[in-house]
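In case you want the letters, here they are:
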Amino acid sequence: MTEPRPTPILEARGLVKRYGHVTALDGADFQLLAGEILAVIGDNGAGKSTLIKALAGAIIPDAGEILLDGKPVRFHSPLDARRQGIETVYQDLAVAPAMSIAENLFLGREPKRTGLLGWLGALDKKKMLAEAMRHMQSLKIGIRSMKQAVETLSGGQRQGVAVARSAAFARHVVIMDEPTAALGVKEGNMVLELIRRVRDRGLPVILISHNMPHVFEIADRIHIARLGKRAAVVNPKHISMSDTVAVMTGAKRPEELPAQALA
Amino acid sequence: MLPDLATVPPTSIRGRLLAHLPPVATLGPLLALFLAGAFFTSQTDRFLSGSNFSLILQQVMVVGVVAIGQTLVILTAGIDLSCGMLMSIGSIVMTKLAVDSEMNPYLAILCGLLVSTAFGFLNGALITRVKLPAFIVTLGTLNIAFAITQIYSKSQTVSGLPEALEFFGRTFRVGQTAVTYGTVLMLIMYLVAWFVLRDTAPGRHVYALGNNAEATRLMGIDTARMLLVVYTLAGFVYGIAALLLVARTGVGDPQAGQTDNLDSITAVVLGGTSLFGGRGNILGTLLGALIVGVFRNGLTLMGVASVYQILITGILVILAVTTDQLSRRKG
Ligand SMILES: Nc1ncnc2c1ncn2[C@@H]1O[C@H](COP(=O)(O)OP(=O)(O)OP(=O)(O)O)[C@@H](O)[C@H]1O
Ligand SMILES: [Mg+2]
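These protein sequence lines are chains A and B, in that order.
Residue 175 in my numbering sits at position 175 of the first sequence, with consecutive numbering throughout.
Residue 1039 in my numbering sits at position 39 of the second sequence, with consecutive numbering throughout.
Do not rely on the hints blindly, as some may be mistaken.
Pairwise CB distance ranges, derived in the manner of DEER restraints [stated by the list, open to error]:
1) B:ARG1225 with A:GLY184: 37 to 43 Å
2) A:LEU117 with B:LEU1311: 44 to 50 Å
3) B:GLY1250 with A:LEU117: 38 to 44 Å
4) B:THR1044 with A:LYS147: 52 to 58 Å
5) A:VAL73 with B:ALA1164: 24 to 30 Å
6) A:GLU65 with B:GLN1150: 37 to 43 Å
7) A:PRO213 with B:PRO1202: 55 to 61 Å
8) A:GLU65 with B:PRO1202: 46 to 52 Å
9) A:ARG134 with B:GLY1250: 43 to 49 Å
10) A:LEU117 with B:GLU1163: 36 to 42 Å
11) A:ARG171 with B:PHE1276: 33 to 39 Å
Here are some chain B residues the structure puts well away from chain A; computed CB gaps all over 10 Å [claimed, not checked]:
12) LEU1048
13) MET1103
14) LYS1154
15) GLN1156
16) VAL1179
17) THR1232
It should be emphasised that the hints constitute simulated quantities derived from the structure, not laboratory data.
Idealized CB from N, CA, C, for every residue including glycine.
Can you make the complete structure from the sequences, with help from the hints?
Laid out in structure tokens, this is it:
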């Protein structure tokens, strides 16, 4: 019935995840297309974080499959997903506060020095500093010293570090769980701008957010999660904010929406 | 037109100068060490002498090595209450096997090291696999190791050690001061630990783990395995401390190691490492161990009874922890 679509970059079919009696994911489907910003919205407990944790290898779903470029993949750890080029900015900022910006950017994949010291395991700190500076500048995040401890930064700058880390290493997909939640208006806008820059580099972005104006400002498509499932995927250009919220809360069924509102 | 994230003011000259000085964290202990030295020099003329410094160094080499293991553990935001007893059991195994069982002394040393290491592994396994708090696990192994030490040695001191077990207690002269080979070994261990913690990926991951364990795991680092390695390595380090202890005292003493739990924690905290994990410098621990050694030595020279020394170290550790806590709250 629908026109043929390009193979999604990242796809999930029928994901299930139970925590004891709580069913966080109840057969959730998911599709991310090339070069898009896909917003994922839903009420608290709708399963958004669980969904993206499954896509990022941070949890292993009880059932369902995940496809990357149309090929089935199984992630047993966050490292598996990272090896496939999927980078994640987690809801509760995953940074080491007392460590420097450069160290945080390279945590887990530090470059080694060459020669004897490298053989002994010494890290190439010069290279880390220089590359960190390059990444931060390419995203126009103005921080002078990459030696600064992350805890000395403002909330927006910290978020900038987390976003830069994922953007720097992602080859396939960047996932962001509420990256603007803890930020003020100005800093929130800066991070949105950052997300656009990442997308403009050609990396598709999955953005979880409760902030409807942000979502409508930046998203190409909106995935509405409800009760552990995908309720609908909508097109922000052809649907109102109130209709979107109605679907999200269950006040309106997706079938009641005009056809062009669905994406 | 794009808004930049708020920029940080350019680094000042003072800032650049400060970056080349040792971190403030190590200046505090250095000052404390200096003040303690000045105080004891003013109280007793026997303090400031080459032979007394040799004595202090010999006393410090044991707790100094124990404190290396303790630093590793505390950097991960853990704690090891069993360290003194893991050293003690290692020293009894070495001496009993070498003397009473007439085992080849090198083999006996190896067995002692293995026993301490195995207990460290046990700590790590219980903490990472059964997910018990480090505090309770090491309190348990403290008692287990103590009891086994008493049972195995029948609470008897082992004397008449073969030469191999006394090597690290032997000395060579640097000017006025007689330095033991054990002290040299301790210094080498500190340098190695310093390099690994500061310059290698596993070392930096120890800090990251202590900073934010979940973030470190999400970055793809196997944090459970790292913790297991850290506790096991700490056990091995206590085994080396056992060898130095035996060499210094010339006997296997089942009552040894009782003060080293608190002393090592005191040394770590005085050295500026945070009990909350993820912050600190192993060379600070060496300074901390020297402070503890200077205190114990100076108080003895002043004729202060050992109960009061225990009282004072107790107060010292609480003061150090309080400073740590207060400075975190500010930051
Ligand atoms: N580790 C866990 N243990 C037990 N229950 C969990 C766990 N993680 C999630 N849940 C439960 O699964 C459901 C979905 O949680 P999830 O975090 O995915 O929601 P969310 O859509 O991200 O919500 P929020 O908007 O509040 O971030 C919730 O009922 C939650 O309580
Ligand atoms: Mg969530």
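For each hint, the structure was consulted:
1. A hinted range of 37 to 43 Å holds for the C-beta pair ARG1225 (chain B) and GLY184 (chain A), which are about 40 Å apart.
2. Between LEU117 (chain A) and LEU1311 (chain B) the beta carbon distance is about 47 Å. The supplied range of 44 to 50 Å therefore holds.
3. Evaluation of the 38 to 44 Å hint for GLY1250 (chain B) and LEU117 (chain A) yields a pass: the beta carbon distance comes to about 40 Å.
4. Range check, THR1044 (chain B) to LYS147 (chain A): Cβ separation about 45 Å, and the 52 to 58 Å hint is violated.
5. Here the CB-CB span from VAL73 (chain A) to ALA1164 (chain B) is close to 57 Å, at odds with the stated 24 to 30 Å.
6. At about 59 Å, the CB distance of GLU65 (chain A) to GLN1150 (chain B) disagrees with the hint of 37 to 43 Å.
7. For PRO213 (chain A) paired with PRO1202 (chain B), a C-beta distance near 45 Å fails the hint of 55 to 61 Å.
8. Separation of GLU65 (chain A) from PRO1202 (chain B) is about 35 Å and departs from the stated range, judged on CB atoms against 46 to 52 Å.
9. Taken as a hint, the range 43 to 49 Å is violated for the pair ARG134 (chain A) and GLY1250 (chain B), whose Cβ atoms sit roughly 60 Å apart.
10. Restraint check, LEU117 (chain A) to GLU1163 (chain B): a C-beta distance of roughly 38 Å satisfies the suggested window 36 to 42 Å.
11. ARG171 (chain A) and PHE1276 (chain B) have their C-beta atoms about 36 Å apart, which keeps the hinted 33 to 39 Å range intact.
12. With a cut of 10 Å on Cβ distances, LEU1048 (chain B) stays outside the contact zone with chain A, its closest approach being about 38 Å.
13. With a least CB separation of 35 Å from chain A, MET1103 (chain B) remains clear of the 10 Å interface cut-off, as annotated.
14. Residue-level check passed: LYS1154 (chain B) sits 45 Å from the nearest beta carbon of chain A, beyond 10 Å.
15. A cut-off of 10 Å between C-beta atoms confirms that GLN1156 (chain B) is not in contact with chain A; the least separation is 45 Å.
16. Separation of VAL1179 (chain B) from chain A is adequate, the least Cβ-Cβ distance of about 27 Å exceeding the 10 Å criterion.
17. Every C-beta of chain A lies more than 10 Å from that of THR1232 (chain B), the closest at about 19 Å, which supports listing it as non-interface.
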